[in-house]
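Make the full structure from the sequences, and use the hints.
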Amino acid sequence: MLHDLALITPQLILLIAALFTLVADPFLPIDASRKFWGLFGAGMSALAVVACAVLWKYGPFEMHTPAFSYHLSASGHALFFTALVSMCAMITHMSSPEYLVEQKSHYGEYYALLHFATFGMAVMVSAESLLTLFIGLEIMSMSIYVLVAFKRTSQASVEAGLKYFVMGSVASAFLLYGIAFLFGLSGGTSFIEIQRALLAPKPGQDLWLGLAVVLTGGAFLFKVAAVPLHMWTPDVYEGAPTPITGFMSSAVKASAFGSFLKFLYAGLSGPAMASLHLPLGQVLGLFAVLTMTVGNILALTQRSIKRMLAYSAVAHAGYLLLGTIATIDDPTLGAPFLAPTGAVPFYLVGYALASLAGFAALSSLGKNGEELTTEGHLAGLSKRHPIAALALTVSVLSLAGVPPTLGFFGKLQILRDVLAVENGKYLPHVIILVLNSVVSAYYYLKIPVAMYMRPDSKANRQYVREPSLTWAMALPALALLALGIMPGRAMSWASRSEQAIRAGTESANVAHSYAVVKGGGSAKPVAAVALEKPVAAAPVR
Amino acid sequence: MTGEQIMFYLLGGGAVLASAAMLLPPMGRSPIHSAISLIVSFFFLAGLYALLSAHMLSVLQIIVYAGAVMVLFTFVIMLLNLNADELQESRITPGRIAAGILALFVFGKLATAIQLTTAGAQSVDLSDPGFANFGSVPEVGRMMYTTFLVPFELVSVLLLVAAVGAVVLAKRSMKYVDRPLPPPAGYEHPAPSDDEGGHDAHAHGGGH
Amino acid sequence: MTSIPLGHILLLAALLFGIGLAGVLTRRNILVMLMSVEVMMNAVNLTLVGFSRYNGWTEGHVLAFFIIAVAAAEAAVGLAMVLAVFRLKQTTYVDELRLLKR
Numbered sequence: 001m002l003h004d005l006a007l008i009t010p011q012l013i014l015l016i017a018a019l020f021t022l023v024a025d026p027f028l029p030i031d032a033s034r035k036f037w038g039l040f041g042a043g044m045s046a047l048a049v050v051a052c053a054v055l056w057k058y059g060p061f062e063m064h065t066p067a068f069s070y071h072l073s074a075s076g077h078a079l080f081f082t083a084l085v086s087m088c089a090m091i092t093h094m095s096s097p098e099y100l101v102e103q104k105s106h107y108g109e110y111y112a113l114l115h116f117a118t119f120g121m122a123v124m125v126s127a128e129s130l131l132t133l134f135i136g137l138e139i140m141s142m143s144i145y146v147l148v149a150f151k152r153t154s155q156a157s158v159e160a161g162l163k164y165f166v167m168g169s170v171a172s173a174f175l176l177y178g179i180a181f182l183f184g185l186s187g188g189t190s191f192i193e194i195q196r197a198l199l200a201p202k203p204g205q206d207l208w209l210g211l212a213v214v215l216t217g218g219a220f221l222f223k224v225a226a227v228p229l230h231m232w233t234p235d236v237y238e239g240a241p242t243p244i245t246g247f248m249s250s251a252v253k254a255s256a257f258g259s260f261l262k263f264l265y266a267g268l269s270g271p272a273m274a275s276l277h278l279p280l281g282q283v284l285g286l287f288a289v290l291t292m293t294v295g296n297i298l299a300l301t302q303r304s305i306k307r308m309l310a311y312s313a314v315a316h317a318g319y320l321l322l323g324t325i326a327t328i329d330d331p332t333l334g335a336p337f338l339a340p341t342g343a344v345p346f347y348l349v350g351y352a353l354a355s356l357a358g359f360a361a362l363s364s365l366g367k368n369g370e371e372l373t374t375e376g377h378l379a380g381l382s383k384r385h386p387i388a389a390l391a392l393t394v395s396v397l398s399l400a401g402v403p404p405t406l407g408f409f410g411k412l413q414i415l416r417d418v419l420a421v422e423n424g425k426y427l428p429h430v431i432i433l434v435l436n437s438v439v440s441a442y443y444y445l446k447i448p449v450a451m452y453m454r455p456d457s458k459a460n461r462q463y464v465r466e467p468s469l470t471w472a473m474a475l476p477a478l479a480l481l482a483l484g485i486m487p488g489r490a491m492s493w494a495s496r497s498e499q500a501i502r503a504g505t506e507s508a509n510v511a512h513s514y515a516v517v518k519g520g521g522s523a524k525p526v527a528a529v530a531l532e533k534p535v536a537a538a539p540v541r
Numbered sequence: 001m002t003g004e005q006i007m008f009y010l011l012g013g014g015a016v017l018a019s020a021a022m023l024l025p026p027m028g029r030s031p032i033h034s035a036i037s038l039i040v041s042f043f044f045l046a047g048l049y050a051l052l053s054a055h056m057l058s059v060l061q062i063i064v065y066a067g068a069v070m071v072l073f074t075f076v077i078m079l080l081n082l083n084a085d086e087l088q089e090s091r092i093t094p095g096r097i098a099a100g101i102l103a104l105f106v107f108g109k110l111a112t113a114i115q116l117t118t119a120g121a122q123s124v125d126l127s128d129p130g131f132a133n134f135g136s137v138p139e140v141g142r143m144m145y146t147t148f149l150v151p152f153e154l155v156s157v158l159l160l161v162a163a164v165g166a167v168v169l170a171k172r173s174m175k176y177v178d179r180p181l182p183p184p185a186g187y188e189h190p191a192p193s194d195d196e197g198g199h200d201a202h203a204h205g206g207g208h
Numbered sequence: 001m002t003s004i005p006l007g008h009i010l011l012l013a014a015l016l017f018g019i020g021l022a023g024v025l026t027r028r029n030i031l032v033m034l035m036s037v038e039v040m041m042n043a044v045n046l047t048l049v050g051f052s053r054y055n056g057w058t059e060g061h062v063l064a065f066f067i068i069a070v071a072a073a074e075a076a077v078g079l080a081m082v083l084a085v086f087r088l089k090q091t092t093y094v095d096e097l098r099l100l101k102r
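As you go down the protein sequences, you meet chains V, C and B in turn. Per this note's numbering, residue 1 is the first one in the first sequence, and the count goes up by one each step. Per this note's numbering, residue 1 is the first one in the second sequence, and the count goes up by one each step. Per this note's numbering, residue 1 is the first one in the third sequence, and the count goes up by one each step.
Simulated from the structure, these hints should not be mistaken for lab results. Heads up, the beta-carbon is just placed ideally off N, CA and C, and yes, glycines get one too. Any given hint could be a false lead.
[Said to hold, decoys possible] Covered stretches of chain C (in silico footprint by chain B; criterion: 3 or more residues with CB under 8 Å from a CB of chain B, positions within the stretch not fixed):
(1) 13-25
(2) 37-45
(3) 58-67
(4) 104-111
(5) 131-140
(6) 156-163
Structure below.
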């Protein structure tokens, strides 16, 4: 039992942080609360990252053994994404206090909910069963709904929360319906059970599976804001408190893609899926192209930077979807996988850091309940707040994919991987991606131009300059540059995280012959097999 | 037709009718009538669960859904005290027709798939001694606290999040103490908007 | 054995799901939209119970239990959200809200 608990240390740290914040907040004087919770939250999130790193390096356990009756695991994939979302939470905690005080919405519950959201994401990406994945997703979503509406006196914020909530709960219902059909196929919700059921095909299975994939996939596409389901994005991103917008665009997207990859990889692979004739790769490709094009075109017309970055987030969801194809190309789904290069996790690191830096910089603009985040408000920012201007510049350069930054290597990796699929089957998609990047450079570069070239105006003199907020924008921007100069390390982490799912999947297929039945009691044979496979496949630790 | 089948179609028809009544006039015209139709629909579903040997779930359906969730709904409707003016729904618009067609389309797809895949499905025999406890409280409870312990614990976190979130959103006056700094020169305060109550004893918005 | 065909149980559930979806898409009162989501969740539960009955899987009942809990949590947050909006706008109609109209 303790052995198992050690596997979920990062999650436990986040949960304890949330509960402590909730309990201790009423006892803190207001001034102390404003100073303390941001630092405490950042510290606890950093501790969760450290715990992930320790497990990653020294994990004495079978890295792919699902613990707790196939509900959670500490696979490399889970650890990578848990560390990523905790890192996002850390930056968000640092950028929040001053913003909230200026917006007159500083309450301790904010930090507790932020911890809960991170906990939900950590659960979601470490889930080994669809049920756990769903509950993690709900914990995350509930917290985010409330956080979006946290500026209770702002109509935009509360309405954005409501809009996100209504659409999100419909998406949850679709996800559940899909899970119900997968349950009907397999008699369970863990990825291993689903895979095992797919190995022994039943009559009519294809249609069931197709239905389940459509229903669950729709819910995931909603969460990552892919195009037919992106309508909520601009309003919610604009209405939400700016640090939360940054958190949503980095951590929510990362965890949604993390669990989506895991679901596709670990849950829906196997010969049955390969024989399904569901052109998953082509469907995803279509969504990817639509998403990036629509997102970029709409972003061109925006005046508000928050709205513009919201549409840019939609466009990036498109790039990421295209990257997903590279790892789960359809004919090979279930059959031998492509070499997992980790394009999507790697891209997500760059994208998350860029969003965090950008939105932290935007959080510093505006005072006394006002947000000054239109293009005009940025004029001359380089004189008033050089660090914010610099951070925002690095952020948009990375989003646009300009070379010295991490965003460039992320895009390069996706391009290379997608081109490698079946001798350039997706060449048109890649060309569209490149064209899109060129278009996006136009609206991204408007921001540095405004900050550095346009004259300062008197009306714009409202901004916050506090050490924690400054660090919150400086750290991710520095990381973008540092990792951009030395991308090798991050790339190997990302590829190892994808290898972890692959190894887990293979071990599950092998374990099939052991005829493991449901439940935790007889988990030993799987563990035994899981131990051998991944160690052989794992790269240098 | 066996008695079981007759019960199924009666209960199922009732559930569908009650759910449809929730949306359509005359019942659907006011939220409170919609809520009552929904409660009726939940009772029909509880009957269906009992018919399908999900005894524990049937009881939970009544206690949690009809007893707690719907009470919450009716409570909020009464609290908001929606007057007749607001209960008017506007007329049929092209958008709504499109939405209705979309819902019909989804249902049609589902129905075709279901018909194609469930033909000839045979159920297990619940009179088999192996299924003696099927759907009973001990059986479901045992599974909930063993195989599904982790999701069970996680759901407790979810409920806590929901409780905290609901308090944060719905609390009438979280008195906000502004930062004790003078506003910058030349800056005019926006109209005070935060707390209409103002005499909340708790200066800080903890969950009291 | 049960004499109720599995297909009919699932069709009933699909019909309820469709009704719920139609409610969310066509009705403009937020409270009724939330109720419609509850109907969709119930349709899922019925699907699970049907599968469980046919295969003798008690797991389906446990899943349905979790879905009931999630639905309760969603109702609490959703209604609180409605209250928060009502306090600012005095309405429960999405047509009168700035953002949701789009």
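Status of each hint after checking the structure:
1. 13-25: Since 6 is at least three, the answer is holds.
2. 37-45: holds (count 4)
3. 58-67: That given contact holds, which follows from 4 residues of the segment 58-67 of chain C lying within Cβ reach (below 8 Å) of chain B.
4. 104-111: holds (count 5)
5. 131-140: holds (count 5)
6. 156-163: holds (count 5)
When the structure is compared with the earlier hints, no violation turns up for any of them.
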